[in-house]
Amino acid sequence: MTVEPFLFGFLIVMAVVIIRMRSLLAAAMLSGIFSLISAGLFVLMDAVDVAFTEAAVGAGISTVLFLGTLSLTPTQERQGKFRPLPLVAVIITGLVLLWGIADMPYYGDPSAPAHVYLAPEYIQGTAEHFHIPNIVTAVLGSYRGYDTFGETTVIFTAATGVLLLLAHRRQDEDELTSDPPDTGAEE
Amino acid sequence: MSKPNPMRMREMVVVREVSRILIPFILLFALYVQFHGDFGPGGGFQAGVIFAAGLVLYGLIHGLDALQRAVPPRLIEVLAAGGVMLYGGVGLVTIALGGQFLEYKVLDPHHGEHWGLLLIEGGVGITVTASMTAIFYAFAGRDTVQNQEKR
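Protein chains in written order, with my numbering: chain A, 1 to 187; chain B, 1001 to 1151.
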């Protein structure tokens, strides 16, 4: 008896609860727990590095950012009018995705395309050319160093974008309103 | 979030003391993940987000001002760009030494691959830590609804 079915069950329950939740504060906390359970699943799949990231970013930093946003906005979701069209679109998309799953190889299937075509080359090549025990690092840094450079640039660009949007506007507000400088919004 | 009531979190003894014990280990674990990336799971990105999570935890407990005294926003902005430049710089150095972009083995005939990976992972780690912290600063530095209504 493995623990995976329970964790997947928890994920589904958590997703339904988050959707039904009107309190955005509780929804933000629950989405953090959702990420923590996902991190547990990644550990069970032997993807420890992905689990690190999910736990630190998904459960940690993004929950904090949600809470930071909620300190600026109302914390209750407004009760909107029920509209059937988005629901139909979501159900159709979900069914198409489920249909697509049928074509995917089983988890851990040794005859899956990823395992017969590229993975053996990486496993052999890393030992022959790079002499690094961790194949993931060799793939990210050596085989795909150019991609990783691009990803690092994307993260830098994201931070720059957030700073341009949020930090700059804060200064504008300070200039526009003639407040005494005790609002604590200094740089 | 920490701005309007910077005292409240700090006054919770359990939260304060547990975080005081945990934060050094979170930062140390981040450095382990960073420098052990060649051998075990992890690398620059994972180390960066763990380090940033440690900093964010410190900021949550002790307030944004205390964190910004330890890690000034100016330094964060320089580091975010510096990590990308370190990564790109390694690529340019390998070209200057006669190899291709990011062809690490021209750095050193025996350990070039290790040096190259160490440097680019360092660049990734620096940029990720700084970017995550910068985003936290941008969010946490905003005024609260209450403060805006006071105006």
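Honestly, the hints are just simulated from the structure, not real lab data. For every residue, glycine included, the Cβ atom is placed at its ideal position computed from N, Cα and C. Any given hint could be a false lead.
To be verified - What follows is a list of derived Cβ distance ranges for each label pair:
1. A1096(B) / Y107(A): 29 to 35 Å
2. D1108(B) / S111(A): 38 to 44 Å
3. V1093(B) / E128(A): 37 to 43 Å
4. G100(A) / L1092(B): 41 to 47 Å
5. E1017(B) / V48(A): 27 to 33 Å
6. L1031(B) / E128(A): 29 to 35 Å
7. P1024(B) / L165(A): 30 to 36 Å
8. F1035(B) / G100(A): 26 to 32 Å
9. P1024(B) / G100(A): 44 to 50 Å
10. Q76(A) / H1111(B): 55 to 61 Å
11. E4(A) / E1017(B): 33 to 39 Å
12. L1075(B) / E128(A): 28 to 34 Å
As the list claims (entries may be wrong) - Not everything, but these chain A residues come out facing chain B in the computed CB check (under 8 Å):
13. Q76
14. I132
15. N134
16. I135
Each hint tested on the structure:
no. : hint                           : result
1   : A1096(B) / Y107(A): 29 to 35 Å : violated, 45 Å
2   : D1108(B) / S111(A): 38 to 44 Å : holds, 40 Å
3   : V1093(B) / E128(A): 37 to 43 Å : violated, 25 Å
4   : G100(A) / L1092(B): 41 to 47 Å : holds, 43 Å
5   : E1017(B) / V48(A): 27 to 33 Å  : holds, 29 Å
6   : L1031(B) / E128(A): 29 to 35 Å : holds, 30 Å
7   : P1024(B) / L165(A): 30 to 36 Å : holds, 33 Å
8   : F1035(B) / G100(A): 26 to 32 Å : violated, 41 Å
9   : P1024(B) / G100(A): 44 to 50 Å : holds, 46 Å
10  : Q76(A) / H1111(B): 55 to 61 Å  : holds, 58 Å
11  : E4(A) / E1017(B): 33 to 39 Å   : holds, 36 Å
12  : L1075(B) / E128(A): 28 to 34 Å : violated, 42 Å
13  : Q76                            : violated, 13 Å
14  : I132                           : holds, 5 Å
15  : N134                           : holds, 6 Å
16  : I135                           : violated, 11 Å
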